[in-house]
Each structure stands twice: as C-alpha cells, then as structure tokens.
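Visitor: Sequence:
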Amino acid sequence: MLRHISIGRIPVAAARLFAIVGLPAYIGFRDSSIWQFLIYAVVAGLALAIAERLTITHFRDESLDVLAQQSILQSFIVVAFGLPIYLIAVFAT
Numbered sequence: 004m005l006r007h008i009s010i011g012r013i014p015v016a017a018a019r020l021f022a023i024v025g026l027p028a029y030i031g032f033r034d035s036s037i038w039q040f041l042i043y044a045v046v047a048g049l050a051l052a053i054a055e056r057l058t059i060t061h062f063r064d065e066s067l068d069v070l071a072q073q074s075i076l077q078s079f080i081v082v083a084f085g086l087p088i089y090l091i092a093v094f095a096t
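To convert, take the position in the sequence shown, counting from 1, and add 3; that gives this note's numbering.
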C-alpha cells in the first residue's frame, strides 16, 4: 500500500493528519468556542488546498476554481473528522 503513495503526498498527508487530529483536540483543551473551531477549519482547508497545489503536480496547472473547490472540500474534511475530536476534547475536560 505504501508503494502507491508518492513522495509529494507525504507532507500533505502529515499536514492533513495534524489539521484533523492534533489542532482540534488542542483547541478543545483550550476551551474555545465552536465558532473558533469552524474558522480554524476554513483556514486549515485553504492551507491544505494550497499545500496540495504546491506539492502535487496534478493540481499545479489547474485553475483557481479547482483551488476553491479543493479548499471547500478540505474544510469539510476538517469539520467532518475534526469536530468529533473537538467535542470529545471539550466534554472530556
């Protein structure tokens, strides 16, 4: 399975893992509001989409519409997977 992962995707995968798991839990431990988490998700989604555009050849030549779609998709991924982690962190403390 690891043979099929290109070297360019490893930094993006690490950033995605950190954005989805690490920071929502940290934000939750700091007793932040849900709105701060949602703003974080939008910013993280944009950052992840830009990182993909810079590191993965497939997305480099795409238009800004594709970047916007990727940004929205990445933000949704952060919300979908990070929100349960955020809520666990909030209610566990």
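No wet-lab data here; the hints were simulated from the structure.
A couple of the hints might just be wrong.
If you anchor each label on the Cβ, the simulated ranges turn out as follows [unchecked claim]:
no., residue 1, residue 2, range
1, Gln72, Ala18, 11 to 21 Å
2, Phe21, Asp68, 34 to 44 Å
3, Leu20, Phe94, 19 to 29 Å
4, Val69, Ile42, 21 to 31 Å
Please read all numbers here as calculations on a predicted model, not as lab measurements.
By construction, the Cβ of each residue, glycine as well, lies at the ideal position given by its N, Cα and C atoms.
Visitor: Against each hint, give a clear statement of whether it holds in the structure.
Guide: Each hint, compared with the structure:
no.	hint	verdict
1	Gln72 to Ala18: 11 to 21 Å	19 Å, holds
2	Phe21 to Asp68: 34 to 44 Å	27 Å, violated
3	Leu20 to Phe94: 19 to 29 Å	23 Å, holds
4	Val69 to Ile42: 21 to 31 Å	23 Å, holds
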